[in-house]
Amino acid sequence: MSTKNSSPRLNRRKFIAVAAVAGASGAVNPAKAAAVTVPETGTRLPSALPPNARVAAAETGAAPLPSGGNGRPGSDFMVDVIKTLDIKYLPANPASSYRGLHESLIDYGKNTMPEFLTCTHEEFAVGMCHGYFKATGKPIMTLVHGVVGLQHAAMAVYNAWCDRVPVLIMGGNDLDAAHRPPGVPTFHSAQDINAIVRDYTKWDDTPVSAQHFAQSFVRMYKIATTPPYGPVALSLDAVLQNEPVRDFGEPLYIPKFFASAPPQGDGGAVKEAARLLAGAERPVIVVDRVARTQEGVRLLVELAELLQAPVVDQGNRMNFPNIHPLGRPPSVIGQADVVIGMELSDYWGTVNGFIDNGNEGFGQNVSKIKPGTKLISISSVDLLTKSNYQDFQRFQSIDVAMPGDAEATLPALIEAVKSAITSDRKDAMTKRGDAIREAHAKGLDAAKQAAAIAWDASPISTARLCMEAYAQIKDLDWSLVSASGNTSNWAERLWPMDKHYRWLGASGGYGVGYGAPASVGAALGNRDQGRFSVSIQSDGDLMYAPGVLWTAARHKIPLLAVMHNNRGYHQEVMHVQRLANFRDRAVNTGNDLGPIGTSIMNPDIEYHKLAESMGWWAKGPISDPAALAPAIKEAVAVVRSGQPALLNVVTQPR
Amino acid sequence: MGCVRVFVPVFVVLAALTGAGAAFAADAAKGKAAFIQHGCWQCHDYAGEGSIATSNGKVLARTQLALDAFKTFVRTTNGAMPPYRAAVLSDADLDDIYAYLQSLPQPKAVSDIPLLNDARSK
Numbered sequence: 001m002s003t004k005n006s007s008p009r010l011n012r013r014k015f016i017a018v019a020a021v022a023g024a025s026g027a028v029n030p031a032k033a034a035a036v037t038v039p040e041t042g043t044r045l046p047s048a049l050p051p052n053a054r055v056a057a058a059e060t061g062a063a064p065l066p067s068g069g070n071g072r073p074g075s076d077f078m079v080d081v082i083k084t085l086d087i088k089y090l091p092a093n094p095a096s097s098y099r100g101l102h103e104s105l106i107d108y109g110k111n112t113m114p115e116f117l118t119c120t121h122e123e124f125a126v127g128m129c130h131g132y133f134k135a136t137g138k139p140i141m142t143l144v145h146g147v148v149g150l151q152h153a154a155m156a157v158y159n160a161w162c163d164r165v166p167v168l169i170m171g172g173n174d175l176d177a178a179h180r181p182p183g184v185p186t187f188h189s190a191q192d193i194n195a196i197v198r199d200y201t202k203w204d205d206t207p208v209s210a211q212h213f214a215q216s217f218v219r220m221y222k223i224a225t226t227p228p229y230g231p232v233a234l235s236l237d238a239v240l241q242n243e244p245v246r247d248f249g250e251p252l253y254i255p256k257f258f259a260s261a262p263p264q265g266d267g268g269a270v271k272e273a274a275r276l277l278a279g280a281e282r283p284v285i286v287v288d289r290v291a292r293t294q295e296g297v298r299l300l301v302e303l304a305e306l307l308q309a310p311v312v313d314q315g316n317r318m319n320f321p322n323i324h325p326l327g328r329p330p331s332v333i334g335q336a337d338v339v340i341g342m343e344l345s346d347y348w349g350t351v352n353g354f355i356d357n358g359n360e361g362f363g364q365n366v367s368k369i370k371p372g373t374k375l376i377s378i379s380s381v382d383l384l385t386k387s388n389y390q391d392f393q394r395f396q397s398i399d400v401a402m403p404g405d406a407e408a409t410l411p412a413l414i415e416a417v418k419s420a421i422t423s424d425r426k427d428a429m430t431k432r433g434d435a436i437r438e439a440h441a442k443g444l445d446a447a448k449q450a451a452a453i454a455w456d457a458s459p460i461s462t463a464r465l466c467m468e469a470y471a472q473i474k475d476l477d478w479s480l481v482s483a484s485g486n487t488s489n490w491a492e493r494l495w496p497m498d499k500h501y502r503w504l505g506a507s508g509g510y511g512v513g514y515g516a517p518a519s520v521g522a523a524l525g526n527r528d529q530g531r532f533s534v535s536i537q538s539d540g541d542l543m544y545a546p547g548v549l550w551t552a553a554r555h556k557i558p559l560l561a562v563m564h565n566n567r568g569y570h571q572e573v574m575h576v577q578r579l580a581n582f583r584d585r586a587v588n589t590g591n592d593l594g595p596i597g598t599s600i601m602n603p604d605i606e607y608h609k610l611a612e613s614m615g616w617w618a619k620g621p622i623s624d625p626a627a628l629a630p631a632i633k634e635a636v637a638v639v640r641s642g643q644p645a646l647l648n649v650v651t652q653p654r
Numbered sequence: 001m002g003c004v005r006v007f008v009p010v011f012v013v014l015a016a017l018t019g020a021g022a023a024f025a026a027d028a029a030k031g032k033a034a035f036i037q038h039g040c041w042q043c044h045d046y047a048g049e050g051s052i053a054t055s056n057g058k059v060l061a062r063t064q065l066a067l068d069a070f071k072t073f074v075r076t077t078n079g080a081m082p083p084y085r086a087a088v089l090s091d092a093d094l095d096d097i098y099a100y101l102q103s104l105p106q107p108k109a110v111s112d113i114p115l116l117n118d119a120r121s122k
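Residue numbers (the numbering used here), protein chains in the order written: chain A, 1 to 654; chain B, 1 to 122.
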């Protein structure tokens with residue numbers, strides 16, 4: 001209702017509807033429209049046209065079905081927008097709230113660019129987007145039901161946020177409470193669906209016109225793909241999808257996308273960092289999410305060789321080749337006089353230790369570095385910190401902090417280091433490098449000896465599991481797409497990681513249920529590049545969203561999943577045991593091995609049958625180490641033929 | 001089980017290591033059961049090979065610690081490993097666990113495992 005002191009207003013839905021009907025004759029006819037419903041007279045002019053007969057009827061009657069006869073659906077225009085951004089796939093679970101766009105994508109858009117991939121759960125659809133990006137460097141999009149679908153997706157969105165991965169999410173929603181269908185669609189609508197994920201997305205919006213959608217979609221893509229990368233969300237109003245698209249008097253246009261240059265560290269800070277590194281006796285380079293590309297790997301190698309400094313790769317990406325003799329374990333950080341940390345997810349945890357000894361609920365904090373050690377940081381994440389979720393970790397004071405993208409900053413840093421190294425330092429640096437190379441070789445020997453222990457054990461040791469798998473894929477262009485089980489990092493320690501796609505890192509947020517979906521998504525990306533995808537798949541992880549197995553089979557995504565089946569939520573097995581010990585109580589295991597509530601046994605899950613039921617080639621359970629090689633060989637042949645294959649391997653815990 | 005068959009030699013080894021009859025009643029088979037019952041396997045794996053993630057790479061199989069040192073560590077550790085005090089793990093169980101760990105087979109030589117020769121090689 002308007003009052004005498006307020007201007008008559010139309011909501012957006014009425015306005016669009018008026019414009020749409022009037023559009024059939026080529027122009028809005030204010031006199032005709034006004035003849036239907038005359039707004040109350042006021043002292044100010046109407047800011048919009050009053051509703052016509054259709055709108056008036058809609059106000060009091062049932063919401064009409066979307067009409068295909070009143071012009072081009074808004075969702076067709078949305079498809080035009082989407083197609084400008086080279087988005088290859090769209091894994092999604094279907095939902096009525098985005099039915100307009102769904103129909104346009106597959107019929108108007110011919111189901112290409114993007115191709116709709118049928119998913120049985122929103123969480124793994126987002127996980128697939130996550131893994132795909134890490135294998136290809138290109139984002140893909142998903143569609144979710146506004147409320148319940150986005151709630152399903154939320155954990156995977158958080159993983160993508162913590163792992164700095166762009167995922168384009170659009171959630172269907174029906175904003176108009178007076179006209180949307182009652183019952184289920186109203187249960188599944190919200191004022192602001194993006195609020196569900198706002199704390200862990202980089203940006204979100206709710207477009208209210210076709211032009212607004214075009215701007216926001218291109219904007220979301222640009223924001224998501226500018227470091228620091230991150231997931232983004234659009235709320236997709238049902239009416240906007242279904243009503244005929246209108247231009248409101250201005251020609252519709254699709255903004256052209258130009259990638260932003262990644263932010264770089266400040267020039268002065270780069271010089272200061274170079275000065276500290278060049279003058280250091282024992283500099284250490286620590287990296288976590290530096291290399292987005294093979295060029296990033298090359299730049300990091302160049303910096304390390306220039307400084308003859310050890311590199312600690314924390315492994316959220318394959319940053320530094322483990323075959324390079326300057327690669328070293330985290331223990332070298334304790335000897336450093338200068339540490340440069342690049343794109344670290346936890347700088348405090350890099351230079352401090354925390355022992356979870358459980359005494360009265362507090363752990364012990366210990367510094368890992370010597371007093372006076374200078375700390376340098378390059379991190380794009382410093383440019384984007386939110387408040388609620390604590391992924392920013394504990395605060396660490398840094399001597400030279402550069403908010404910026406590390407890969408983009410490396411060329412300037414390398415040049416600055418070249419200038420800062422004085423000739424009198426070169427002999428010392430060469431000696432330092434020689435010592436690191438020697439230690440690296442010894443480290444490899446030690447790792448091999450550790451791997452040899454329990455080599456013939458049953459259940460199968462995690463070292464044997466990993467090396468048997470490697471033996472069958474080593475001649476292929478392989479990519480380890482996920483290691484969701486904790487297999488003592490054997491693959492990262494013993495497989496030769498020489499390219500950026502050899503290892504794609506972990507989940508980011510440690511939300512369990514990432515492994516299988518991200519593996520399938522990465523395998524999809526690798527499939528198109530001719531790479532062979534292998535995952536070390538843990539049992540607990542697989543049971544969060546096993547439907548992704550069906551999606552992989554349905555869409556012929558080749559992936560070798562070698563299971564690390566230790567029959568428990570093993571981290572929790574140890575946590576409960578730890579607490580029981582501190583409380584001097586013998587832990588209650590029921591009839592299982594681990595504390596009650598932590599084991600996945602009795603009955604043991606037959607993962608091979610689970611996979612078979614969803615169209616995978618599968619074999620198991622395998623607990624005899626001698627049976628592993630022939631089974632993996634068989635599975636590799638299946639995967640090379642274009643199908644997914646799973647081996648259910650019963651293993652040692654870790 | 002192999003661990004039962006090696007009980008006698010383990011006893012001899014233990015006696016030599018500890019210099020006394022501390023392990024006089026140690027039983028590797030019972031030790032294996034205790035190792036599992038009390039959750040040692042959770043961080044150290046069933047065969048005592050350990051993990052870089054959960055036991056900092058420490059290998060328990062055929063541990064070089066003397067029995068007394070081993071027991072002292074288990075009772076008093078306040079680091080990454082929680083202590084096992086006598087209320088939940090008896091001295092006798094600890095003796096048996098030690099015997100089990102000593103009964104585990106020697107690891108193969110790396111040179112006898114061709115797959116390890118592929119480690120980090122392209």
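There may be inaccurate statements among the hints.
Now the in silico label distances, taken between C-beta atoms and shown as ranges [stated by the list, open to error]: (1) B:R62 - A:S613: 17 to 27 Å; (2) B:I36 - A:S613: 55 to 65 Å; (3) B:A66 - A:G279: 27 to 37 Å; (4) A:Q571 - B:K108: 47 to 57 Å; (5) A:R437 - B:G79: 27 to 37 Å; (6) B:T72 - A:S613: 29 to 39 Å; (7) A:R437 - B:P114: 44 to 54 Å; (8) A:D604 - B:K108: 45 to 55 Å; (9) A:F354 - B:R85: 52 to 62 Å; (10) A:S641 - B:R85: 33 to 43 Å; (11) A:A261 - B:I36: 30 to 40 Å; (12) B:R62 - A:D199: 19 to 29 Å; (13) A:A259 - B:S111: 22 to 32 Å.
Taking lysine-lysine and the DSBU-like style, the derived pairs with C-alpha atoms no more than 35 Å apart in a straight line are [claimed, not checked]: (14) A:K271 - A:K83; (15) B:K122 - A:K386; (16) B:K122 - A:K474; (17) A:K499 - B:K71; (18) A:K633 - B:K71; (19) A:K474 - B:K108; (20) A:K431 - A:K418.
For the record, the hints were derived by calculation from the structure and aren't laboratory data. Backbone N, C-alpha and C fix where the C-beta goes; we use that ideal spot for every residue, glycine too.
Which hints from the list above does the structure break, by number from lowest to highest?
Of the numbered hints, 1, 2, 3, 4, 6, 7, 8, 9, 10, 11, 12, 13, 14, 15, 17, 18 do not hold.
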